[in-house]
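Student: Single-letter residue listing:
2 protein chains.
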Amino acid sequence: MDDAPTNYSAKAIEILEAAEIRIRRGGFEAVSYRDLAADVGIKAASVHYHFPQKALLGAAVVDRYSDKVAAALGPVDLTQATVEDHLQRLCDCYAAAVQDDGMICLGCMLGAESKDLPEAVSAAARRFFTWLLDWIESVLGERADAATLAIQMIGTLQGTMILAVTLKRPELMDKAADQLKRLVAV
Amino acid sequence: MDDAPTNYSAKAIEILEAAEIRIRRGGFEAVSYRDLAADVGIKAASVHYHFPQKALLGAAVVDRYSDKVAAALGPVDLTQATVEDHLQRLCDCYAAAVQDDGMICLGCMLGAESKDLPEAVSAAARRFFTWLLDWIESVLGERADAATLAIQMIGTLQGTMILAVTLKRPELMDKAADQLKRLVAV
DNA sequence: AATCCCCTATCTAACGTTAGATAATTTAAA
DNA sequence: TTTAAATTATCTAACGTTAGATAGGGGATT
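If you read the sequences in order, they're chains A and B.
Residue numbers for the first sequence follow our numbering, so the first one is 48 and each next one is one higher.
Residue numbers for the second sequence follow our numbering, so the first one is 48 and each next one is one higher.
Be careful, since some hints might not be right.
A pair counts as met if it fits within one copy or between any two copies, since identical chains are not told apart.
Claimed, not checked - Straight-line C-alpha distance at most 27 Å; calculated DSS-like pairs for lysine-lysine: (1) Lys215 <-> Lys101; (2) Lys215 <-> Lys115; (3) Lys101 <-> Lys162; (4) Lys115 <-> Lys58; (5) Lys162 <-> Lys90; (6) Lys115 <-> Lys101; (7) Lys162 <-> Lys115; (8) Lys115 <-> Lys228; (9) Lys90 <-> Lys101; (10) Lys58 <-> Lys101; (11) Lys58 <-> Lys90.
Hint data in this document are derived by calculation from the structure and do not stem from the laboratory.
These numbers were taken from a predicted model, which means no experiment stands behind them.
Using the sequences and the hints given, assemble the complete structure.
Tutor: So, in structure tokens, the structure goes:
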């Protein structure tokens, strides 16, 4: 998931992290430069120094998030771990988002909003999902239904996340993990 | 799904419909009284005559939406139709949202945003999901795993909807329908 | 000397909301 | 039955607040 050779300053990274959390909580529209500035202890105008426009900030947040997810999932290496192990890592990744932070994942949030986002941001979200689908497909290997399964898996995880957060029942993520096991076992 | 005996004026209903579409496209935050006013051909201040506060408007939109979904799904009557028929109606309902309008459903959008919504709105969203889960559970009848299945089904539909809209691939909803059939067939 | 980072100050546009006025309609009283 | 009162739906105008964004300046570090 390498897109930008961007080496951000420490403060820029603080801003990106704060923005990720705020987007995941309320969506892109709900994030303001003033709030971000307060989060990282500078003034709103200074945030513009690091990210001149909000759309660029949004895209940067998605790219950084994509890198973090890629790192958390790790490379696909079926000589080191089974298909089930790989998928378990995927489920853990999503479950952690909900259970640790009580938030849905960034892709889910931006996906929902995607019709109204600046093009740079929705494009980044689209890239993220495409990459994630590829990751799953390569985990599933040569199966003819790999593409379909990948979609069903991401769909299941995303949707369950929304239910878990809305109904304040984080344990629902377990049911998504069960469902994924069932999907792959056919 | 009866909550309010509210009999809205024709204009109020226009506003509710416009708001539903705008919320489903960009989320609650992205809806403004000015835009709604332009949609229905009056001024922003006049919208306040019908819905004094935005949170009340939001809750009213959800309640109305809930009624519409309830009407589309119809009552659970297993003497008139099979379990599969009932679930097919559910899938059609969601698929239509994406394929006809290119939008995710209202519950999905508000669910994603729920951490940042006015309490009245997120409560309405929670009510909607709870009702929908009940509907599915009563379709599934006495099965011990009815509650789990209901969650998995809604999760699958919601998540696939996000993928379908984000990736601009409305046909993905078919895969969700397949998955539901598989879930119930165990 | 130049670059980096943040500041103050300001801008325009938009936000939800309120006040007060105005027609048009409906209801009640004379 | 005409008149008076009240209600309905909208308007214009403005409120205070917040949005993203820009210009220009001031200390640091290199």
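Student: The structure should be examined with respect to each hint, and the outcome stated for every one.
Tutor: To see whether the hints hold, each was checked on the structure:
no. : hint              : in the structure
1   : Lys215 <-> Lys101 : between (30 Å within a copy, 24 Å between copies)
2   : Lys215 <-> Lys115 : both (25 Å within a copy, 25 Å between copies)
3   : Lys101 <-> Lys162 : both (17 Å within a copy, 22 Å between copies)
4   : Lys115 <-> Lys58  : within (18 Å within a copy, 48 Å between copies)
5   : Lys162 <-> Lys90  : between (30 Å within a copy, 26 Å between copies)
6   : Lys115 <-> Lys101 : within (21 Å within a copy, 37 Å between copies)
7   : Lys162 <-> Lys115 : both (25 Å within a copy, 23 Å between copies)
8   : Lys115 <-> Lys228 : within (24 Å within a copy, 35 Å between copies)
9   : Lys90 <-> Lys101  : within (15 Å within a copy, 30 Å between copies)
10  : Lys58 <-> Lys101  : within (16 Å within a copy, 36 Å between copies)
11  : Lys58 <-> Lys90   : within (12 Å within a copy, 44 Å between copies)
Checked against the numbered hints above, the structure violates none of them.
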